[in-house]
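Trainee: Next come the chains, spelled out residue by residue.
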Amino acid sequence: MILLQWTLTPELLYQAGTGILLFLLVVAAIFSVVQKDLLMAIVGTSLVSLILSVLFLLLHAPDVALTEAAIGVALTTAIFLIALRKTGRYEE
Amino acid sequence: MPELFPLSPVHYVAAPLLAAFLLPLVAKLSRSFIKILPGLTFLYVLYVSAVLYPQALQAPIIEQIAGWAPPLGINLYYGPMAGLFASLFSALGFIVWLYSLTQMKQEPLDRFYILLMMLVAGATGMVLTGDIFNLFVFMEITAISAYSLTAFLREDDKAEAGFKYILIGSLASAFVLLGIAILYSYTGTLNLADLALNMDKVPLSVRVIVFGLFLVGFGIEAEIFPLNGWAPDAYSAAPAPVSALFAGITVKAALYALARVTILLFPFAGSMALISILGLVTLVISELAALHQKNLFRMLAYSSMGQVGLAIAALGLFTAEGVYAALFAMINHAIVKGMLFLTVFAMAGGSATLDGLNGMGRKKPILSLLFTLGAFAIIGLPPFSGFWSKLSVLTAMGQTGNYAMIAIVLATTIVEAAYFLRATGRLYLSEGNPAEGKTPLSAIAALAVLAAGILWIGFFPGSIDETLTAGAQDLLDTAKYTEGVLKD
Amino acid sequence: MDITGIPFFLAVSFGGAFLAYLMNFAHRFLRNAVVLLTVSASAALLFWLGDETFSMEMGGFVLTLGKTPYSLFFAGIVALLAVPTVLFSFTYMAKEERPAMYYLNLLITIAAMYGILFSLDLLSLFIFWEIMTWSSFLLTIHKGGNATKAGVKYFLYSAAGAYAILFSVVILYNMSGSLLIEDVARSFVLQNPLMQLMLAGTLLFGFSVKAGLMPMHGWAPDAYAESPAPFTALFSGALSKMGIFGMGMVLYQIFLQSPFSLPVRELLAWAGGITSALATLRAIQQTDAKRLLAYSSVAQLGYIVMGLALGTPLSMMAALFITLLHGVFKAMLFFAVGAVYFRTGLTDLNELRGLIRRMPVSFLTVLMAIISLANIPPLGGFVGKWLLYESLIQSDHYFLVIVAFFSSTASFLYVYRLIFSIFLGQEEKEFEHVKEVPFLTMQLPMLALAAVTFITGIFPGIVLAPISSALTYLGFPIQHDMWSMSMLFNEWGNRMNLLAMISVIGTVFLTGFTILYFYRMRRTRYVTTKDIHTSGEVPTENENLTYAINFYQPFERAAHPVLSKSIRAWIDWIGRSVSELGDFLRHIYTGDGQTYAWYVVLFLTFMLAAGSWIL
Amino acid sequence: MKKLLAAFLLGFIGYYLYTAFAGVPFGENKMEVGKDYLETTVPKTGAVNTVTSIVVNYRGFDTLGEVTVLFLAATGLGAILFGMKGKPEDKHREPSSILTTGAKALFPIIVLLGAYIFIHGHLTPGGGFQGGTIIATGVLILILGIKSFHANHALLSVMESLAGITFVVAGILGLAFGKNFLENILPLGTPGQVLSAGIIPIIYIAVGFKVGAELAGVLDTLMSTTRGEE
Amino acid sequence: MIYYIASIAVMLIGLYAVLVKKNLIKIVIGLSLMDAGTHLLLVAIGFIKGGTAPIFSEPGLTADAMVDPVPQALVLTAIVIGLAVTAVALALVIRIYAQHKTLDIRKISSLKW
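Protein chains in written order, with my numbering: chain A, 1 to 92; chain B, 93 to 580; chain C, 581 to 1195; chain D, 1196 to 1425; chain E, 1426 to 1538.
Some hints could be false.
To be verified - With a cut-off of at most 27 Å between alpha-carbon atoms, the simulated DSS-like pairs for lysine-lysine come out as follows:
| no. | chain 1 | residue 1 | chain 2 | residue 2 |
| --- | --- | --- | --- | --- |
| 1 | B | Lys386 | C | Lys1009 |
| 2 | E | Lys1532 | A | Lys36 |
| 3 | B | Lys293 | D | Lys1342 |
| 4 | B | Lys579 | B | Lys293 |
| 5 | B | Lys127 | D | Lys1280 |
| 6 | E | Lys1474 | D | Lys1280 |
| 7 | B | Lys197 | D | Lys1280 |
| 8 | E | Lys1474 | D | Lys1197 |
| 9 | E | Lys1532 | D | Lys1197 |
| 10 | D | Lys1239 | B | Lys579 |
| 11 | D | Lys1374 | D | Lys1239 |
| 12 | B | Lys293 | E | Lys1474 |
| 13 | D | Lys1225 | E | Lys1532 |
| 14 | E | Lys1532 | D | Lys1198 |
| 15 | D | Lys1197 | E | Lys1526 |
| 16 | D | Lys1280 | B | Lys120 |
| 17 | B | Lys120 | B | Lys293 |
| 18 | D | Lys1198 | E | Lys1447 |
| 19 | D | Lys1197 | E | Lys1447 |
| 20 | A | Lys36 | E | Lys1474 |
| 21 | B | Lys293 | D | Lys1225 |
| 22 | D | Lys1342 | D | Lys1230 |
| 23 | A | Lys36 | E | Lys1526 |
| 24 | B | Lys579 | D | Lys1230 |
| 25 | C | Lys675 | B | Lys455 |
| 26 | D | Lys1342 | D | Lys1299 |
| 27 | E | Lys1537 | B | Lys386 |
| 28 | C | Lys723 | B | Lys455 |
| 29 | B | Lys579 | D | Lys1225 |
| 30 | E | Lys1447 | D | Lys1230 |
| 31 | B | Lys386 | B | Lys197 |
| 32 | E | Lys1447 | E | Lys1532 |
| 33 | B | Lys530 | B | Lys197 |
| 34 | B | Lys197 | B | Lys455 |
| 35 | A | Lys36 | D | Lys1197 |
| 36 | E | Lys1526 | E | Lys1537 |
| 37 | E | Lys1447 | E | Lys1526 |
| 38 | D | Lys1225 | D | Lys1239 |
| 39 | B | Lys197 | B | Lys293 |
By construction, these hints were calculated from the structure, which means they are not laboratory data.
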């Protein structure tokens, strides 16, 4: 019951959002490093970039968010996938 | 074309940049023009340094990019030291271009020349800029052209050397960027002079951490001992004209950056002494490691790491004579090591081994003579430039009273003499079937210019004395630097 | 620039070298002419050298050149040996390849030696010293093959010595602010004794490497054996004397007043003695003529160092006299061995035999040289050794006298082996074609030097005059009563009149020879070397009874315990351990990119930890 | 064991970095240079988007360096993979028809979006780099979508060079007019309009073209290198 | 504050991958993660509580209510540099694979000592 008394003020929502996203960011990073299958690892990297881009929005940096989205998510992943295509798929 | 607009230090970067962008277009028009354009650019840059350097000796030229005053905009600081380095780089660039006209046959030539020009322009940019982030960007330009040039040749292990270089190089750039982030978070500015003034905002413990990051970041490019793992592979994999540029330019630019940043931002006592010790360690280990090298380029790589270690040790003395000696050592090393790399490539081609030199004296007498001249100059035998530079290093060390350092430097010189003379001795063996082939005139001309430089400094060391003292003064006198940049 | 000044002198010597190099492309004869002209011009110019010093500023240091009687004497030695060497090498080097490089380096070495002698400050002395080292290095490796290894070994030894000198020069410059030897000497005295010892020690070490003192002589046998014969004469005759010049200068101009001066000199004297003894024993073992002569040079230099270190006027006179004489007869020996090599292509004592009838002049030169080397009266060697023995006894170093006697008598052994195995004994068919070497370019220098030994033997005054002026410059009062033109006095008042003695011996020898020749010669039968009967059988044509193989086998077995452990092995061990260290360090660069990343991260953590811990 | 050591070392470095940032209060206004940029951007450069004005005008030299880095990466990539041109058909499997029609439909829209972004660089967030990358992704879709599609390398490199030259010439013009390198010489116009903020839009459009052409070239080179089996 | 911790964490994870992982592509991923961490750090430094994006889109916005634009400009450049370096690194990886047929960094060390 106590929960309900909280009014979801935008401030609280903002705090919670950054907290969860940052946690997700670290988890995605660990996922992409530990993952054996390189394809999943690359997907992990693009996930990191995506979360990063959203975080930049939260930090009031639209230009950087757009860049991160365009370069980090789209192109870096594309380059990684092409490189993966030309070389071995699985690690170790 | 030159009088169209006033000459200013930015031409050092703008002209090669324009030429680099022009080159792909020009390549479509006529294949031969690919070779001519870089030459013209280097000549133009030499012309710029000929005009600007004398002015810089009187008073440093400070140019603001895009017209904004320093704390806001980026400024170029063209003092005596930066001028000295910029002119040295452009001269070396021109000589290497002249040499690779006939010696560089690997196919995508237009790409090779673009990367070559940008390597020189990037290093010159590093030396000129007065803004720390701009220094990072120019370091990246130099680094990325160096990565691609290392893996330029088609043989198998070149890509491997390239990957090692890029792996360690991007570590370096990550650490430098982190250092800049920390500095910005405390001081709020990016201009070097401005930073120097409000470094007190940064608490001492943080300053040490940032110094560590910068030392590692720039140390990797400046080949300080534990960080120079990539260097031997990169030197031996890159085409010889490029290795000559590595030894002559990229190392010097990184060393200049390290010195400028350390002296301006981290002047506390331990920092320079630490750098000096690191230099000595680099000198000892790389000279000893060079003893067992069979591949000549790898031997020259270790030897150039050693010579850089010597320059760092002299720099670390933090006295006017020390910096004077470090500058002298750097110039001498750039000229002599450049000549050695090019001579060995002209003599024995890409995979030069020690045995490949047997009996080369008969087949290519001029090149063997040049190699012997280079070897004697590196060891520091009297009539050549190496002697005066080593002597100034030793007297500088003598003045600061650390005699142990003198003993170490002299001991490593003996080791250096051992492996260089072993190679020189092989030239004059009677047996052995060395590689044939006539060296074209333009290559010999390039080497002759370097040899003339060695002999000129060897017989008239006084001639460059004035430039060196001005350079040493310029680096050490931080007050003049900051007040000059932020005067308005 | 006036003719009598030193810069003109050096300009002639160095300029001549480069001119000769250029002339080589013009014509062989022209080059030879220029070479001869340069050497003889510089030799002649020595006599008109003016006294004023000349200084110039170079790279922030002031270099001063000037003439002193002490250096003039040594310059005389260099000139005396340079002209015959050049003459000898004209025909000798005709067959060899790359003569241009040979002559260039030869003239540079000679000019550098003059430079060393005429430099009044330590830095220019060091500069010329290094120029001499690398030009002699290029000469040593001229022949290729294992000459390169010998050359590199020579360069490393002398580099170690040279850098020891540079070490103390830099420190002295830092202390006294100037490079001039006088100023350095003045400020040297003010240092604390330990520092004085260290500095003088490194300087002496540097100079004794070139002089081939025992522990540091490793390079001498290989370098002398491998370098071309005419240069070897100069190498052992003059180059090693630069070391002596340096030691003399350090001991008596810089280090004299320091408390440690006496013990150091005592140590040096003993080092000289041991060097001469061991080197002589080692020489007896050698089978190659050049190596034998190399060890004998090391031994003779041991005598000189002994004389130098004693420091009494008489011993100094002895040392300088032997310096000159050794240069002369060593040059004669190397020329003769060179001539034999020029004709037969062999220097191995076991293969050569019976050349006396084919090469009489060479035989005569070797005979004169070994007589003066084993210091037998009529020739110069005797005078030097006589002075040395007297000075040893006077300063009552009785043990040293025993050592000196032992090694000079033992030297007679290897000397006899040299002349016996090359010239005496039965002739061999394979040496039928051997002819005497051409007169003008090869025999003349040998005979000229032989004449010099003869003259100095009779009139030592000619040499003792410049020696005594050099010694007075160094601070040793030479009273005139110690010698006259051909008279030698000693403290106990007895006099030895060389001229009278030799004239008596000469007349007796001549009369005996004439009587025998006219009276008995008619009835004698010419005997070929094959005409000997061994236990009744007549040897067949090709069977050869005289042989020199393991000539001194019993003697070597006796001296074996002394000779077994050689210092050279110990120094080679140092070399090997340095290169093993190099091999170990090389493996730090494992070639795996990731380990390099590890090095970077480890270094960063170390930096952060050390930084924050210190500050 | 190695993993443990690595973890320990990184923990060590992490601790030190954390102490370095402990002194930096998060979210506080500690701007030095930033304040001046914010105050002078509209009056002095006419650009509404301060980040773009910093990137192009105040610290234009960085962006010039930045464009060179990208240009060198494209050239370097071409040089490294020079010998590995593969046969066209081994690029990838047959694309499904949805992908092909989708690619054809989407391409013009993406290019339009990219153009909008780099034309309005000085007004709305975004600019040359973002717009160029978007165009490059458009080209990527075409490469994936249409089997026979090949980026016309000649055209791309010409576009790339021309754009680069316009950037450098814009800088040199600043010098020619007696001012400094890269200084603004055009009238500022009214802020908020498309044709405002002097040379910033021109430079950013040039950068847009350049980045678009370069990255398209890079993607096409990468796609067409051989599988490495032969 | 948690932004700093998170960005340092991402950077260290990237460094961990570079140090420990054997596969070349995994190492390049590690490098790009390190870059990502630094970029987040830089932008987080520039953030000011209550500040809006540094764009004067409406007339009402004043300079002192805005976020610090300078780190954003730096990050913009840094991201593109990161892309360029990753592209060259991957090109090298492709060439190494074409020649060595393996992506294990331990197997590609023919240039040593």
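Trainee: Compare the structure with each hint and give your call.
Mentor: Now for the hints, and whether the structure bears them out:
no.	hint	result
1	Lys386/B <-> Lys1009/C	violated (48 Å)
2	Lys1532/E <-> Lys36/A	holds (19 Å)
3	Lys293/B <-> Lys1342/D	violated (59 Å)
4	Lys579/B <-> Lys293/B	holds (21 Å)
5	Lys127/B <-> Lys1280/D	holds (25 Å)
6	Lys1474/E <-> Lys1280/D	violated (52 Å)
7	Lys197/B <-> Lys1280/D	holds (20 Å)
8	Lys1474/E <-> Lys1197/D	violated (42 Å)
9	Lys1532/E <-> Lys1197/D	holds (18 Å)
10	Lys1239/D <-> Lys579/B	holds (21 Å)
11	Lys1374/D <-> Lys1239/D	holds (15 Å)
12	Lys293/B <-> Lys1474/E	holds (22 Å)
13	Lys1225/D <-> Lys1532/E	violated (50 Å)
14	Lys1532/E <-> Lys1198/D	holds (19 Å)
15	Lys1197/D <-> Lys1526/E	holds (26 Å)
16	Lys1280/D <-> Lys120/B	holds (20 Å)
17	Lys120/B <-> Lys293/B	violated (55 Å)
18	Lys1198/D <-> Lys1447/E	holds (12 Å)
19	Lys1197/D <-> Lys1447/E	holds (12 Å)
20	Lys36/A <-> Lys1474/E	violated (40 Å)
21	Lys293/B <-> Lys1225/D	holds (12 Å)
22	Lys1342/D <-> Lys1230/D	violated (52 Å)
23	Lys36/A <-> Lys1526/E	holds (19 Å)
24	Lys579/B <-> Lys1230/D	holds (21 Å)
25	Lys675/C <-> Lys455/B	holds (19 Å)
26	Lys1342/D <-> Lys1299/D	holds (12 Å)
27	Lys1537/E <-> Lys386/B	holds (12 Å)
28	Lys723/C <-> Lys455/B	holds (16 Å)
29	Lys579/B <-> Lys1225/D	holds (24 Å)
30	Lys1447/E <-> Lys1230/D	violated (46 Å)
31	Lys386/B <-> Lys197/B	holds (25 Å)
32	Lys1447/E <-> Lys1532/E	holds (10 Å)
33	Lys530/B <-> Lys197/B	holds (15 Å)
34	Lys197/B <-> Lys455/B	holds (23 Å)
35	Lys36/A <-> Lys1197/D	holds (18 Å)
36	Lys1526/E <-> Lys1537/E	holds (19 Å)
37	Lys1447/E <-> Lys1526/E	holds (15 Å)
38	Lys1225/D <-> Lys1239/D	holds (23 Å)
39	Lys197/B <-> Lys293/B	violated (54 Å)
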